[in-house]
Amino acid sequence: MELNGELALSYYRPLKTVTAQHGFRLVQHIETGALFAEKRLPLRNAGVFRTLKEHPVPGTPRICELVEDGETLVVIEEYLAGDTLSELLDERGAFPEEEATALTLALAKIVQELYHRTPAVAHRNICPSHLILSPDHVLKLVSFQDAELILPPQAGTDISGTDTSGIYSGVQKDIHDIGELLKILLTGGTAAASEQTSSEQKLCVRANYMQTPAAQTRRKTSRSLAAFITKCTKQDSSDCFKNIDELVAELQSIRLCSEEKSNPTEQISGANKESRTAAQEPST
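In the working numbering, the protein residues as written are 12 to 295.
Read the hints as simulated data drawn from the structure, not as lab findings.
Among the hints, erroneous ones may be present.
[To be verified] Straight line, CA to CA, 20 Å or less: simulated SDA-like cross-link-like pairs of lysine to any residue: (1) K64 - R135; (2) K27 - E42; (3) K120 - H141; (4) K64 - E124; (5) K245 - G181; (6) K253 - Q123; (7) K64 - R128; (8) K64 - Q156; (9) K253 - H127; (10) K64 - Y22; (11) K64 - A19; (12) K242 - Q263; (13) K242 - A113; (14) K27 - V38; (15) K64 - L52; (16) K253 - Q263; (17) K253 - L116; (18) K242 - D256.
[As the list claims (entries may be wrong)] Label pairs and their calculated CB-CB ranges: (19) Q123 - A237: 19 to 25 Å; (20) I41 - L162: 35 to 41 Å; (21) T129 - S233: 34 to 40 Å; (22) E79 - Q39: 21 to 27 Å; (23) L37 - D80: 15 to 21 Å; (24) C268 - E82: 47 to 53 Å; (25) E102 - A31: 24 to 30 Å; (26) E89 - T28: 14 to 20 Å; (27) S273 - M12: 55 to 61 Å.
It should be emphasised that the depicted structure is a prediction, and the values quoted were computed from it without experimental measurement.
A virtual CB, placed ideally from N, CA and C, is assigned to each residue, including glycine.
All chains should be modelled from the sequences, with the hints used to inform the complete structure.
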């Protein structure tokens, strides 16, 4: 380790080991008292973390120090307080549809920003335990140790970013994981558990929906989200989202339609008010 690297790390006092994996421990800046996360990763991660340090992405931890120590990369990054979505799922179970959609859209916009950097970054391991909801209800994407820089298409890879052998590339892997995350939030379990409960949920839909116009609206919204999830997770590149911008646009449209349909009373009241106002105006 070079002298400059040793000097930079000397400002951080170790507090406790969070997890032995990736050498993740909590450290404190000796002058400011601020808390940071220290991780020790393979040197091959240097390109990803250097990109994140030079081109910060909102919704991800700010990278403060990068120090090479032999074949190890020491990363000092912003410590983010809050609960992981995995912890919240354990406590609460399934999320309401509106909240699950909002969180998934927030995640998709973070990923969109990652792809708009140069070079772009694919996270490649999006899951509930790698998403933190802060005390002020802001979603953060963490744990970039499996991330990779997105390179120009190579032989054996089609334009959608899916390897022709059937293995997801970085771009399509993140799109797939976004769909899986939404499914997990809506079902309150793992991807496998959501598959097991899907038949029971269909029975509940048949029994409880089709009762009122409002219930029919919820059913239509659920169908839209189901179609969205399917489009994210299909391996056939001709049927899935081609890029993150297309995904974000569709999810925003679904959420907007859901918000408009969930407030029919307000829309009717507004229309009635306009009618009464027009009726009261003197004719000329």
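Hints, one by one, checked against the model:
1. Under the criterion of a C-alpha separation no larger than 20 Å, the hint pairing K64 with R135 is consistent with the structure, at around 19 Å.
2. At most 20 Å may separate the alpha-carbon atoms for a hinted pair to count; K27 and E42 meet this at roughly 18 Å.
3. Under the criterion of a C-alpha separation no larger than 20 Å, the hint pairing K120 with H141 is consistent with the structure, at around 16 Å.
4. At most 20 Å may separate the alpha-carbon atoms for a hinted pair to count; K64 and E124 meet this at roughly 14 Å.
5. Distance hint between K245 and G181 is fulfilled; the C-alpha atoms sit about 15 Å from each other, no more than 20 Å.
6. At roughly 13 Å between alpha-carbon atoms, K253 and Q123 fall within 20 Å of each other, so this suggested pair holds.
7. With a C-alpha separation of about 12 Å, the suggested pair K64 and R128 falls inside the 20 Å cut-off, and the hint holds.
8. In summary, the hint linking K64 to Q156 is supported, as the alpha carbons are separated by about 14 Å, within the 20 Å threshold.
9. This hinted pair checks out: K253 and H127 have alpha carbons roughly 15 Å apart, not beyond 20 Å.
10. Taking the CA atoms of K64 and Y22, the gap is about 18 Å. The hint holds against a cut of 20 Å.
11. For the suggested pair K64 and A19, the alpha carbons sit about 15 Å apart, so the restraint of at most 20 Å is met.
12. A hinted pair counts as satisfied when its Cα atoms are at most 20 Å apart, and K242 with Q263 qualifies at roughly 15 Å.
13. Only pairs whose Cα atoms come within 20 Å are accepted, and K242 paired with A113 is accepted, the gap being roughly 18 Å.
14. The suggested pairing of K27 with V38 holds, with an alpha-carbon distance near 7 Å, which does not exceed 20 Å.
15. For the suggested pair K64 and L52, the alpha carbons sit about 15 Å apart, so the restraint of at most 20 Å is met.
16. With a C-alpha separation of about 16 Å, the suggested pair K253 and Q263 falls inside the 20 Å cut-off, and the hint holds.
17. Among the hinted pairs, K253 with L116 is consistent with the structure: their alpha-carbon atoms are about 17 Å apart, no more than 20 Å.
18. Note on K242 and D256: the hinted pairing holds, with a Cα-Cα distance of about 14 Å set against a maximum of 20 Å.
19. A hinted range of 19 to 25 Å for the beta carbons of Q123 and A237 is consistent with their spacing of about 22 Å.
20. For I41 and L162, the hinted distance range of 35 to 41 Å is satisfied, since their beta carbons lie about 40 Å from each other.
21. At roughly 38 Å, the beta carbons of T129 and S233 sit within the given window of 34 to 40 Å.
22. For the pair E79 and Q39, the beta carbons lie near 23 Å from each other, so the given range of 21 to 27 Å is met.
23. Checking the proposed 15 to 21 Å range against L37 and D80 shows it holds: the Cβ atoms sit about 19 Å from each other.
24. Look at C268 against E82: about 51 Å separates their beta carbons, and that is inside 47 to 53 Å.
25. Here the CB-CB span from E102 to A31 is close to 25 Å, well matched to the stated 24 to 30 Å.
26. The hint said 14 to 20 Å for the Cβ distance between E89 and T28, and at roughly 18 Å that hint holds.
27. The supplied range of 55 to 61 Å is met by S273 and M12, whose beta-carbon atoms lie about 57 Å from each other.
The structure meets every hint from the earlier list without exception.
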